[in-house]
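J.: Chains as they are written, first to last, in my numbering: chain A, 273 to 645; chain B, 1133 to 1495; chain C, 173 to 331.
Derived by calculation from the structure, the hints in this document are not laboratory data.
Hints are not guaranteed to be accurate.
Facing chain A, a subset of chain B residues (Cβ under 10 Å, in silico) [what the hints assert, rightly or not]:
| hint | residue |
| --- | --- |
| 1 | Cys1192 |
| 2 | Lys1292 |
| 3 | Tyr1293 |
| 4 | Met1299 |
| 5 | Arg1300 |
| 6 | Gly1366 |
| 7 | Ile1463 |
| 8 | Gln1465 |
| 9 | Thr1468 |
| 10 | Trp1471 |
By construction, the Cβ of each residue, glycine as well, lies at the ideal position given by its N, Cα and C atoms.
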Amino acid sequence: MTETTENYQLDQEEYIINMGPQHPSTHGVLRFEVSLKGEMVRNIRPHCGYIHRGIEKMCEKNTYQQIIHLTDRLDYLSAHSNNELVCLTVEEALEIEVPERVKYIRTIMAELNRIASHQLWWCSMGMDMGGLTCFFYGLRDREPILDIFEETCGGRLLLSYNCPGGVMYDLHPNFQKRVKDYIKYFRKKLPEYDALLSGNIIFLERTKGLGVLTLEDAISFGVTGPTGRASGFSCDIRKTQPYSAYSKVDFKEILYTEGDTFHRYKARIDEMWESMNIIEQLIDNIPEGDYAVKMKPIIKLPAGEYYKSVETARGELGLYLISDGNKSPYRFKLRSPNFINLGALASMVKDTKIADLVAISASLDLVIPDIDR
Amino acid sequence: MTFKFLYDFSILTQAIDKAITGSMSPFWAMITEMTIIGVLILAFYAVVGLYLVYAERKVCAFMQNRVGPNRVGPWGFFQTIADLIKLLMKELIPIKAADKLLFNIAPFIVIIAGFMAIAAVPFAKGLHAVDFNIGVFYVMAVSSIGVIGILLAGWSSNNKYSLIGAMRSGAQIVSYELSVGMSLITIVILAGSMQLSTIVEGQHDLWFIFKGHVPAIIAFIVFLIAGTAETNRGPFDLAEAESELTAGFHVEYSGIKFAFFFLAEYMNMFIVASIAATVFLGGWMPFHIPGLEGFNHVMDYIPPFLWYFVKTAFVIFLMMWFKWTFPRLRIDQLLTLEWKYLLPINLFNILLMALMVLMGWYF
Amino acid sequence: MKSIIKYFADIFGGVRTLLVGMKITGKYFFSPGQIVTQQYPENRKKLVMFDRFKGELIMPHNENNEHKCTGCGICETNCPNGTIEVIPTRIETEDGKKKRILDTYVYRLGMCTFCALCVKTCPSEALAFGQDFEQAVFDRTQLTKILNKPGSTIMKGVE
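Just chain A, same shape as in the assembly:
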């Protein structure tokens, strides 16, 4: 991405197409400046910033409790993990040990959130490949998860369920039953995804061996999440720096070495299976206890620098926080997985076709508000 439009020399037969900000397959207001030679993509320059809302700056003006609801709006598909990150940072800084129950609740919620997010990604991946039916099957299966969220958290997408020291409300009495029913239901539905898309010859032909991201590239770009793991980069924060209840559960880190579009796809499908395993291990053993520690009405972190990261559905979301001892942070900087994954896109799409560009960018699972923040 060192080349800009000004100093990039176009070939005589090349021409430039603007994909976005309004384009069906950029999933939001992201703009790709694509230079094409016929159907072949020669170069691509992503332009972001169309939905920059200054969330990081806004967080510096708010108290720690108020920050939570702003982080919902970053990567809205893994709102719970974003909330959790702020809470974990605050709790670590204040050296508060949250009750076991809270850890379990947070883990289950984060995994449910991960499943819901991957379902929506599957929808849009299918749609970008031209299979519109996928979109509705994914949304259909996502709906019960949103209902579970709504019953316990009051929100469907933007949960705002965490608060420093615990969670906002206790679990709803129906929660365990609903989640168990859902896991049973989704275990039956997930093979349909394979039948419809992953096994389909057209889909396989269009994804296998395309948009390869090598391990070296993945590490040097800092690509994380399922995208990085499909290239063999073991970067699962849940394994490397376990937080909440992840140290208590037994789960596999999905790793592939191929690094192509199909294995990025496969990594996410397999993650849904793993998430269901994690939830099943935890759901019956939620310990009794408080759902939150009593916190002071105004939280002041001791002056210093803090870094904490969590694994959202898209990769490592890191929070670098500087506190000067006041009630709001002095500096609030996020390492957003989407922004960094987007950086690797240009190296993947070189000399592919337009249709491949769409497929590859769909397999990165970009959420634009998280890129721009």
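Starting from the known structure of chain A, arrange chains B and C on it as the hints suggest.
T.: Coordinates of chains B and C only, in the frame set by chain A:
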């Protein structure tokens, strides 16, 4: 031949013809007849086009666990009519940089191609506008005019997206025309005629897909694939490619001009389906099994146009089923499919069919 | 010879994967009982929202038109968006003391992000979330609501 046609429309059409030619000079009689047929086909075109849109929306809705249109009229039956009224009232946005003449002509070329093709389709005995002795050839020739409209639309819009869409469409149609033609030729060998009415009547004992068993079934499958590709429908909708090229060749069109393209797509689907029904599934011919006279006689009581529409609907349903299940192909895969798979299979299939006809190995 | 076998194996393998997909969509096409769409305006009567659903901020009043709000303004300071404005007045009680009570409770729905901090931090549990989600209006000014009903007073025993 003991077989009798219970519903013979040629009596009706000939009576009308006689009445018209008897009452005016031959020149005016011809003009009057042409006008009547034109108006009838136009009305048919509009109604079928609109209700195919409705059918597609319902079919895809049921496949996707939805209800589909259900607000305008019972079960949303008048939804597409409401859509048409909306499209008629919408503003036609003039494109400054477009080639005005070609830009405006393009939708009409697409429509006219479908219009001409439908004239040769026999709906029932004696119920077709023209009955060429080279009917199959005519339909194929005329339906490929449509691609000129698409190419013009894409080029004259002066938009890179639409240009890519048009070029893709050109490459696609040039390749798939071949397969459509070859698979039809397979049946022409069996039928021994290119006249659509003769082809239909040749199936009075058994439909060609059963008569010609293996090669006919292969030809039918190839025709379905190639026909779907020719109508620019998913999984071959590369010219439109909603997620890549936003709308491909008709990205700059609005209002009723867009509706023309939209309608033409569905009409082409109808034409391809009715050709498939006519050539492979016996057209308006009822289902007959040689030797079962009683059964055949019962089947004759079902009106021929009903047979025709049920068969066409079946093929259309298959095409919708394809569209709503499969992801889209990429342009190079599309061409690979044609040149590496469909064409060799087709050539071999023609040889097989010729051999079969020579040896008399059909039912 | 091997390549010929591979050629045909490719064709049949490919067609098989396509048929597997068609089986799924075909299955749903022929089982209309699986339809999941909700017919929204028609099912309005039957529609029950979850009790924690955050539709809008309300101030529950009892049958004597009494609420629990003391007008302390904690919700106002906790709100991240300036959604809430508590306008208090001072009255003189029977024993001659001056007391701060609620005059108007202004809630701007258009600015609310439903973080639930107001409800959570209210010391007298005067606030709650309502279940009404049909909040579309023609004019932005209608989104500014006054939550305490006219003539309402504070519930006895709430300080």
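J.: Which hints, by number, does the structure contradict?
T.: Failing hint: just 10.
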